[in-house]
Every structure is written in structure tokens, then in C-alpha cells.
Amino acid sequence: MDDKLIIKGIEFKSRLWVGTGKYKDFEETAKAIEASGADVVTVAVRRTNIFDRKSVNLLDFIDPKKYKILPNTAGCYTMEDALRYARLARETGVSDLIKIEVIGDEKTLFPDACATLKATEILAKEGFIVLPYINDDPVMALRLVDAGAAAVMPLAAPIGSGLGIRNPYNIKIILEQAKVPVVVDAGVGTASDVAIAMELGCDAVLLNTAIAGAKYPIVMAEAMKHAVIAGRLAFKAGRMPRKLYATASSPIEGML
Amino acid sequence: MKVKINGTDSELQDGVTVSSLLEILQIEPARVAVEVNLQIVKKCNFNDHALKDGDAVEIVNFVGGG
Numbered sequence: 001m002d003d004k005l006i007i008k009g010i011e012f013k014s015r016l017w018v019g020t021g022k023y024k025d026f027e028e029t030a031k032a033i034e035a036s037g038a039d040v041v042t043v044a045v046r047r048t049n050i051f052d053r054k055s056v057n058l059l060d061f062i063d064p065k066k067y068k069i070l071p072n073t074a075g076c077y078t079m080e081d082a083l084r085y086a087r088l089a090r091e092t093g094v095s096d097l098i099k100i101e102v103i104g105d106e107k108t109l110f111p112d113a114c115a116t117l118k119a120t121e122i123l124a125k126e127g128f129i130v131l132p133y134i135n136d137d138p139v140m141a142l143r144l145v146d147a148g149a150a151a152v153m154p155l156a157a158p159i160g161s162g163l164g165i166r167n168p169y170n171i172k173i174i175l176e177q178a179k180v181p182v183v184v185d186a187g188v189g190t191a192s193d194v195a196i197a198m199e200l201g202c203d204a205v206l207l208n209t210a211i212a213g214a215k216y217p218i219v220m221a222e223a224m225k226h227a228v229i230a231g232r233l234a235f236k237a238g239r240m241p242r243k244l245y246a247t248a249s250s251p252i253e254g255m256l
Numbered sequence: 001m002k003v004k005i006n007g008t009d010s011e012l013q014d015g016v017t018v019s020s021l022l023e024i025l026q027i028e029p030a031r032v033a034v035e036v037n038l039q040i041v042k043k044c045n046f047n048d049h050a051l052k053d054g055d056a057v058e059i060v061n062f063v064g065g066g
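Chains A and B, in that order, are what the protein sequence lines are. Quick note: the first sequence uses my numbering, first residue 1, plus one each step. Quick note: the second sequence uses my numbering, first residue 1, plus one each step.
Bear in mind the hints are in silico, worked out from the structure with no lab data behind them. All values derive from a computational prediction rather than experimental measurement. One or more hints might be untrue.
As the list claims (entries may be wrong) - To give an idea of the chain B side of the interface with chain A (calculated C-beta under 10 Å), a few residues:
#, residue
1, Ile5
2, Glu58
3, Gly66
No residue lacks a Cβ here, since even glycine has one placed at the ideal position from N, Cα and C.
Given these sequences and hints, build the entire structure.
The following block contains the structure:
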């Protein structure tokens, strides 16, 4: 079954996208990403360490030729900062993709919808492939598509919370209405959460802490790889209807 | 001349360009983006862009993030 995810002409090998934060070291990051089978890898933009001449670079472990690098604007609280980080990210010459993340509240890390919308509009006009992180808000998803978002990335639950999909009905509405791919971003905790997202029909899942925060990250990375595949196949297969009462699987006919 | 690099006050010889600064700091140009006084300096201009006294330079790269 040909089932490729394509966004703005870019073909994705896996429907699992992973972050690179919170790992013990770059070696563990690289091993976990390899085990996850992901081909989109998110990264953050930060000051280079100018004092430690021997400091290693993340991209020495995550080869941009092998993975699609998706820089984010994590940590930005204003539209202006998000634009600044996005433009710097592109200037490295590694990627035109940008995950727009403008935080509106420190405690929940919920996105600032207004700033996200404005940043998306401006960056899409500048030729970025803009993938905004949003709340599970179907109206916001539509506004972002109008503003030029290449995909929308509603959260399952707050970033790093591991609570799983809190509002599958909103995600379903977004899936029905948005004319772009939908990537569940943030809040999944384990493989079953990922499978649920995929069974709903989501195009991909982006996660970080669910792997990095597991007791054995590399094992969880492999679990996530299978969860995405299983969930996607189940979605394509079309699940049986739910029924309140039992229906026997074995025939009555021929019984003694 | 005095230049602020990633928020740290530094003393540099006059005429230092973005390229030579990266060389002094032993930073691989391919891996970074550079901003001077909030304006991005394109990689093709690293060789020609001379820094001036009082400039604020930001050198960024990718780190782990989600």
C-alpha cells in the first residue's frame, strides 16, 4: 500500500518525528533516533559555546544528509523572537523547515495563538515551510492554513506532560477540516498514545520526552517506531464498529 | 576594539571579519549562523564583513530540543 507522507513536495520516510532534547549525551540521542526510525529530527537554536573550543556539535551526531532537520523556535515568547530564531535557523543552511513555537504561558507552555498566526504568515511569505505548534483548536488550525502553514501540529497534552491525547474529538475535527497534514506534537507518554493518534488518522506524531524520559530511551524509541506503524495500518484498515453486546465468533451451527 | 560576542565583552584587533572571528574561536562556519547588531550576516559575506567597535555579535548553532 503506497502510503507516503508528503508535505510541500518533501517526502517523509517515517511518520514518527522526534526531538533531540533531554538526552544524557549526543551518543544516546543518536542511538535513540536510529532506533526510532524517524527521519525528521527537531533541534533548537541556541548560542554557540565560544569558551569550550572542544565542544561537540549536535549535527556531528545527527547527520543532516540522513535526517530532515526541523529547527524550532522553542523558548520564544514573542512573534519578533520567533521570527529572529527562525531566520537564524534557516541561515545555517541546513533546512527551510521551521517549527513555529511561540509560548504564551510559562507554566503550561501553551502556545500564544495570535503570535503563532502572525509569525506563520510572515515566514510562509519568506519561503519557509512553516509547521506551527498549536493547541488542539480546530478554528486556529483553519486560520493557520489560510496563513500558509504547510501542516498543523496540535498538542496532545502539555509539552513534556506525557498525558496522552486529552481531546481526541478536537483532533478528529482538525483532521476533518484542515486541508494540510496534521502532526500531533507534544504530550504523548507511551506507545499506546502514539498508536491512538495514528488511529485517529493523524499524519505523523512528533515527540521527545516520551523517549528521552523513559527508563530505557532506546527501547522506547523502538516501541514508538512500531506504534506509529501499527496505528497507521489500523487507521488504513478501518476499525470494526463498537458494539455494546457480544457477538460470538464461533458458529452456532454444528453444535452438539 | 570592543565587541560583544554571545553576550560576553571581548577585545578584538581592528579589522577582524566574521570569518576570522570564527577561526579565532575555532568554530566551523558551516555549522553556525551569525548575526551582527540584530542583522543576519549571510555565509557568503563572512569573509568581507568586518566587525566594528561596539558591535554585538551572536553566533548560534543547533542544540538538542523538541
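Verification of the supplied hints:
no.	hint	in the structure
1	Ile5	holds (6 Å)
2	Glu58	holds (7 Å)
3	Gly66	holds (3 Å)
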